[in-house]
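Trainee: Sequence:
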Amino acid sequence: MNFQNLIEDRKRFFWLLHFSGWIGFALVHYIGSFMNDMRDIYVFIIISNAWFGALLTLPLRYVYQRIWDMAPWKLILAILSASYVVGSIWVVMQNFTYWEFYRFGYRPDAWYWYFRNSLGGFYIVLCWSGLYFGIKYYQMLQKEKQKALKASSMANEAQLKMLRYQLNPHFLFNTLNAISTLILCEENKTANGMVAKLSDFLRYSLHTDPIKKVQLKQEVQALTLYLEIEKIRFEENLKVIWSVSKEANNALVPSLLLQPLIENAIKYGIAAKTDGGTINIVAKTFGNDLLLEVSDDGPGLTATNTSSTNKGEGVGIANIKDRLQTLYDDYSFSLSANEPNGLKVNIRIPLEFDSE
262 MNFQNLIEDR KRFFWLLHFS GWIGFALVHY IGSFMNDMRD IYVFIIISNA
312 WFGALLTLPL RYVYQRIWDM APWKLILAIL SASYVVGSIW VVMQNFTYWE
362 FYRFGYRPDA WYWYFRNSLG GFYIVLCWSG LYFGIKYYQM LQKEKQKALK
412 ASSMANEAQL KMLRYQLNPH FLFNTLNAIS TLILCEENKT ANGMVAKLSD
462 FLRYSLHTDP IKKVQLKQEV QALTLYLEIE KIRFEENLKV IWSVSKEANN
512 ALVPSLLLQP LIENAIKYGI AAKTDGGTIN IVAKTFGNDL LLEVSDDGPG
562 LTATNTSSTN KGEGVGIANI KDRLQTLYDD YSFSLSANEP NGLKVNIRIP
612 LEFDSE
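Following the numbering used here, the numbering of the sequence shown begins with 262 at its first residue and continues without gaps.
In case anyone wonders, no lab produced these hints; they're calculated from the structure.
Watch out, some of these pointers could steer you wrong.
[Unchecked claim] Derived pair list, reagent style DSS-like, types lysine-lysine, alpha-carbon separation capped at 30 Å: (1) Lys582 <-> Lys545; (2) Lys458 <-> Lys605; (3) Lys545 <-> Lys478; (4) Lys473 <-> Lys507; (5) Lys458 <-> Lys500.
[To be verified] Taking CB as the label site, the calculated pair distances span: (6) Leu277 <-> Gly391: 10 to 20 Å; (7) Gly454 <-> Gln586: 19 to 29 Å; (8) Trp334 <-> Glu361: 35 to 45 Å; (9) Arg364 <-> Arg273: 32 to 42 Å.
No experiment lies behind these values; they were computed from the predicted model shown.
C-beta: ideal position from N, C-alpha, C; glycine also.
Using the sequences plus the hints, can you model the full thing?
Mentor: Shown next, in the form of structure tokens:
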């Protein structure tokens, strides 16, 4: 059991600290006895005092549990009163033991001598009470912190799931539109091929946990399925060039991170040219970062397609930005012109690998 688990286990942590504290109390007094040249029997006195202290402070735990929700001033008053009562009883037992065993049955002339040094006993029990409340408050704060972290994590997961699943209907709508067009043009064989590819791609997207990251090579396989669907539509007008380094191939990325970018490149770049075009997909590592790039040789962000591009960003690019912001503290996302023409998207995220 590690230290964090020990803190969370309140009962075990209390017993450990309780007896460790009183053992420490006994050791300090034993070391102090060397300064006064005490007889050997004094060791028994020290042990008995520590044992009485441990036994008498135990009921305080249950008293404090009952008064925990009191008003602050009442709580302070109750703590002071309980500490004084227990401290006084403890001092009486200490004095009796000392006189009985160390001073051979000595009895004081007045009864109030049994309460000698009661202020010291009160102080030690009050310290015990302070430590009890301090540790208990610390445990409560840790528990609340864990609840807050769990709630934040659940909120992030819910947001990621929403953003991730948002891609499916968007992509599905565009693809079904294309299939519908093929059927209307009586290209049934081509439409059937698109349906088969679409089925494979959706099976991948639905079976992939939207919270977990996947290896880039797995993402490439899914994107290849998607591009095969698009190649059925564009035939020879769509060319794709992959450039993925060996190290980047095993890096972890959010699932379907690049699909909206490729979809935008096809919709606003390739489809806008009568003779089609080329999409370049690059993935490489640089230090502790993974660099991803999707570029096309389409018209780019010209005045004629600015509104279309902004419309595409509504679901695709905006979705990616939100997912990256939720998943990473350190990342970058940029849109720029692709020389000599076209659009280029660059993403930088921390380099991560599967621990398994």
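Trainee: Hints the structure violates: just list their numbers, smallest first.
Mentor: 7
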